[in-house]
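Work out the full structure, taking the sequences as your base and the hints as a guide.
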Amino acid sequence: MHIFNRFLVFIFTILIVSSCQKDDVVYDINQLQSSSYNANKNKLKSVGQYISIVYANLFQQALSSNELVEITRCIESIGDKEVAHEIVLSNFMNSQDVILPSDSLMRADLDVFLEESYRRFFVRDITEAEREFFLNFLNSNPNVSSEMVYMSFALSNEYQFY
Numbered sequence: 002m003h004i005f006n007r008f009l010v011f012i013f014t015i016l017i018v019s020s021c022q023k024d025d026v027v028y029d030i031n032q033l034q035s036s037s038y039n040a041n042k043n044k045l046k047s048v049g050q051y052i053s054i055v056y057a058n059l060f061q062q063a064l065s066s067n068e069l070v071e072i073t074r075c076i077e078s079i080g081d082k083e084v085a086h087e088i089v090l091s092n093f094m095n096s097q098d099v100i101l102p103s104d105s106l107m108r109a110d111l112d113v114f115l116e117e118s119y120r121r122f123f124v125r126d127i128t129e130a131e132r133e134f135f136l137n138f139l140n141s142n143p144n145v146s147s148e149m150v151y152m153s154f155a156l157s158n159e160y161q162f163y
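Heads up: the sequence shown is residues 2 to 163, going by my numbering.
Since the hints were made in silico from the structure, they are not lab data. Since no wrong hints were added, every one of them can be taken at face value.
Within a straight-line C-alpha distance of at most 25 Å, the following computed BS3-like cross-link-like pairs (lysine-lysine) qualify: (1) Lys82 - Lys46; (2) Lys82 - Lys42; (3) Lys44 - Lys82.
Now the in silico label distances, taken between C-beta atoms and shown as ranges: (4) Ser157 - Ser103: 19 to 27 Å; (5) Tyr163 - Val27: 37 to 45 Å; (6) Cys75 - Ser146: 21 to 29 Å.
Using N, Cα and C, we set each Cβ at its ideal position, and we do this for glycine too.
Shown next as structure tokens:
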């Protein structure tokens, strides 16, 4: 009987060890080549480029060379470029000639507003994550105006690069 117990233990040990072998599982995964939405934007815009482009985005026309030189000198005379950009942008937004969609038009179709804003300011399509973020943000903050959205786009880090 003692030999029989040893034999059973030996058989159970072999069964347990053989059942713990790892199978090689292969998953078929499609390889995707992806890059960041702004991966190719790695050159900082000069002051003149930034002012010219933001003016064209807001007024849909070119800035005169005299005004460009005057605004560029103003920005270069201020130490903090972000503050200078905010001041210049605020002055642009206070102009009668700035072309902004009305808040009611923006709220009527947020998807179209966001798509057009991304193309206008970032020269690219909006990603689904960005769309979802902005839709949630704008729907939960009804006091946000189209002017505020345009200001945030024009002051964003991505807009500083090309």
